[in-house]
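Protein chains: 2
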Amino acid sequence: MTYCLAMRLDEGLLFLSDTRTNAGVDNVSTYRKLHVRTPAPDRVFVLQSAGNLATTQEVLDRLDRDLRGAGDGESLATVSHLFEAALYIGRLSRQVADTHRPTLGDAATATFILGGQVGQEPPDIFLVYPEGNYIRASDDRPYLQIGESKYGKFLLDLAVNAEADLATATKIALASMMSTAKANLSVGPPYDVGVLHPGTYTVEETRIEADSRVLGQLAEVWERHQHQAVAELPLLDTALPGGGG
Amino acid sequence: MTYCLAMRLDEGLLFLSDTRTNAGVDNVSTYRKLHVRTPAPDRVFVLQSAGNLATTQEVLDRLDRDLRGAGDGESLATVSHLFEAALYIGRLSRQVADTHRPTLGDAATATFILGGQVGQEPPDIFLVYPEGNYIRASDDRPYLQIGESKYGKFLLDLAVNAEADLATATKIALASMMSTAKANLSVGPPYDVGVLHPGTYTVEETRIEADSRVLGQLAEVWERHQHQAVAELPLLDTALPGGGG
Numbered sequence: 001m002t003y004c005l006a007m008r009l010d011e012g013l014l015f016l017s018d019t020r021t022n023a024g025v026d027n028v029s030t031y032r033k034l035h036v037r038t039p040a041p042d043r044v045f046v047l048q049s050a051g052n053l054a055t056t057q058e059v060l061d062r063l064d065r066d067l068r069g070a071g072d073g074e075s076l077a078t079v080s081h082l083f084e085a086a087l088y089i090g091r092l093s094r095q096v097a098d099t100h101r102p103t104l105g106d107a108a109t110a111t112f113i114l115g116g117q118v119g120q121e122p123p124d125i126f127l128v129y130p131e132g133n134y135i136r137a138s139d140d141r142p143y144l145q146i147g148e149s150k151y152g153k154f155l156l157d158l159a160v161n162a163e164a165d166l167a168t169a170t171k172i173a174l175a176s177m178m179s180t181a182k183a184n185l186s187v188g189p190p191y192d193v194g195v196l197h198p199g200t201y202t203v204e205e206t207r208i209e210a211d212s213r214v215l216g217q218l219a220e221v222w223e224r225h226q227h228q229a230v231a232e233l234p235l236l237d238t239a240l241p242g243g244g245g
Numbered sequence: 001m002t003y004c005l006a007m008r009l010d011e012g013l014l015f016l017s018d019t020r021t022n023a024g025v026d027n028v029s030t031y032r033k034l035h036v037r038t039p040a041p042d043r044v045f046v047l048q049s050a051g052n053l054a055t056t057q058e059v060l061d062r063l064d065r066d067l068r069g070a071g072d073g074e075s076l077a078t079v080s081h082l083f084e085a086a087l088y089i090g091r092l093s094r095q096v097a098d099t100h101r102p103t104l105g106d107a108a109t110a111t112f113i114l115g116g117q118v119g120q121e122p123p124d125i126f127l128v129y130p131e132g133n134y135i136r137a138s139d140d141r142p143y144l145q146i147g148e149s150k151y152g153k154f155l156l157d158l159a160v161n162a163e164a165d166l167a168t169a170t171k172i173a174l175a176s177m178m179s180t181a182k183a184n185l186s187v188g189p190p191y192d193v194g195v196l197h198p199g200t201y202t203v204e205e206t207r208i209e210a211d212s213r214v215l216g217q218l219a220e221v222w223e224r225h226q227h228q229a230v231a232e233l234p235l236l237d238t239a240l241p242g243g244g245g
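Protein chains in written order, with the numbering used here: chain A, 1 to 245; chain B, 1 to 245.
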């Protein structure tokens, strides 16, 4: 499985992906799930993937082939709007999945988050479904998740809004990732972070290794506060009339 | 959907269930999902249910019919061990689901947590699968969940062990419930709490209403600590070389 999330903030876009893949529990490996493409000076794309690893790789290969093809076919270099890129990715994804559906069924599908900026449009993020359609993040909840999205959602709901600064948003995203990795073996480090500042058409990438100092500090602070919160929560006296301890 | 959890602690057993049911989003209702049966002075059973509401109700009806039946059939009054009760519930559950499978398919199934104490055996909790088999909680992670179990799992993993006292465990359970309800509309108050002290063969039940003071306090303390945790988490400097804010 996988956990990827993206946020669309006033300051810019934030992307965070884990790298764990598994075909069963005995074939666990590390693959990058955050991919950046800059096919022209006026555009940049970030693609995060969940689902069938073979399908996501073939989608990326087709996407790069289209970029290399000097022809007049559609590619990330030719789209005029980010939503067209989302539809294009969706079409590639569906085509690849359809190719392998006779042998794999629905297990051949993949889900993507596409973020980026094209020309003077503001940066945006899209969730591209296996069916080829997409949704944007909402203004109220300016984030998208794919893969194991449930474990780490509480923190995003609580703390993320469009006005959050990128530094804070990165902390929240990492805490959400950490809660997920702790609860689900199929999600794990290293983690890839991508940050896009509007108008720069570049993505700053950072990899956070499993033994990184910041991850250790994060876990320490996080767990300490959870325990403090539990200690301070009000007692439900009425539940314990028997007073067993 | 549903969220129920149970903990097996040294001090006793703790049960917590939400009450929200829905058939689609336009048929949301409130049903009790925590059921106590005390068919004899030497035994007590707590049943929590997730899945098809009609199936869980029919299972309870059959179970009570078996209890009323003076015959020599198996019932909660006749089992010698708690695991036999788990298998018995599993059999009822499978029978009911099979009855409705022609029209409903797998949507007819239900999952149960069965907890309680029979005779001199220590209290225990079982997760009864739709297939009719069961697992116990583990010693390392002495809790079980059914329904929407992912959203609130981080806190259980972090804070629950068998030595936790019931008062603290209740706080943790409620915080886990609250995180789940916040992230998923299909889980909601009122909440039912049950506590079983070993050897008492009774379950103390409490209902926590949506507008209860303790729930409001809990939400306030919880959210404050999450925000404090985020504020104190270390910065990932390297992710922000561009310094966009």
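For the record, the hints were derived by calculation from the structure and aren't laboratory data.
Source: prediction; values computed, not measured.
A portion of the hints provided could be inaccurate.
Intra- or inter-copy, both count: the list cannot distinguish identical chains.
As the list claims (entries may be wrong) - Lysine to aspartate or glutamate pairs mimicking EDC-like chemistry, simulated, CA-CA at most 16 Å apart:
hint : residue 1 : residue 2
1    : Lys182    : Glu223
2    : Lys182    : Glu220
3    : Lys182    : Asp106
4    : Lys182    : Glu74
5    : Lys182    : Asp157
6    : Lys182    : Glu204
7    : Lys182    : Asp98
8    : Lys182    : Asp211
9    : Lys182    : Asp10
10   : Lys182    : Asp140
11   : Lys182    : Asp61
12   : Lys182    : Glu84
13   : Lys182    : Asp124
14   : Lys182    : Asp66
Status of the hints after comparison with the structure:
Proximity of Lys182 to Glu223 under the C-alpha cut-off of 16 Å is restricted to the intra-copy arrangement: shortest distance 11 Å within a copy versus 21 Å between copies. Proximity of Lys182 and Glu220 under a CA criterion of 16 Å is satisfied intra-copy only: 13 Å inside one chain copy versus 25 Å between copies. Taking CA atoms no more than 16 Å apart as the test, Lys182 paired with Asp106 passes in neither setting, with 28 Å inside one copy and 30 Å between copies. Taking the closest pair of Cα atoms, Lys182 and Glu74 never come within 16 Å of each other, the shortest separation being 41 Å inside a single copy and 42 Å across copies.
With identical chains, the CA atoms of Lys182 and Asp157 are at most 16 Å apart between copies only, with a shortest distance of 8 Å across copies and 19 Å within one. For the homomeric pair Lys182 and Glu204, neither the shortest alpha-carbon distance inside one copy (27 Å) nor that between copies (33 Å) is at most 16 Å. In the homo-oligomer, the alpha carbons of Lys182 and Asp98 never lie at most 16 Å apart, since the shortest distance is 34 Å inside one protomer and 37 Å across protomers. In this homomeric assembly, Lys182 and Asp211 come within 16 Å of each other (Cα to Cα) only inside a single copy, at 15 Å, whereas the closest approach across copies is 32 Å.
Neither within a single protomer nor between protomers do Lys182 and Asp10 lie at most 16 Å apart by alpha-carbon distance, with minima of 30 Å and 25 Å respectively. Taking CA atoms no more than 16 Å apart as the test, Lys182 paired with Asp140 passes between copies only; the shortest distance there is 15 Å, against 27 Å inside one copy. Neither within a single protomer nor between protomers do Lys182 and Asp61 lie at most 16 Å apart by alpha-carbon distance, with minima of 32 Å and 40 Å respectively. Proximity of Lys182 and Glu84 under a CA criterion of 16 Å is satisfied in neither setting, with 37 Å inside one chain copy and 34 Å between copies.
Within a single copy, Lys182 and Asp124 get their C-alpha atoms no closer than 30 Å, and across copies no closer than 26 Å, so neither meets the 16 Å cut-off. Taking the shortest alpha-carbon separations for Lys182 and Asp66, neither the intra-copy value of 39 Å nor the inter-copy value of 43 Å comes in at or below 16 Å.
Hints 3, 4, 6, 7, 9, 11, 12, 13 and 14 from the list above are not met by this structure, while the remaining hints are.
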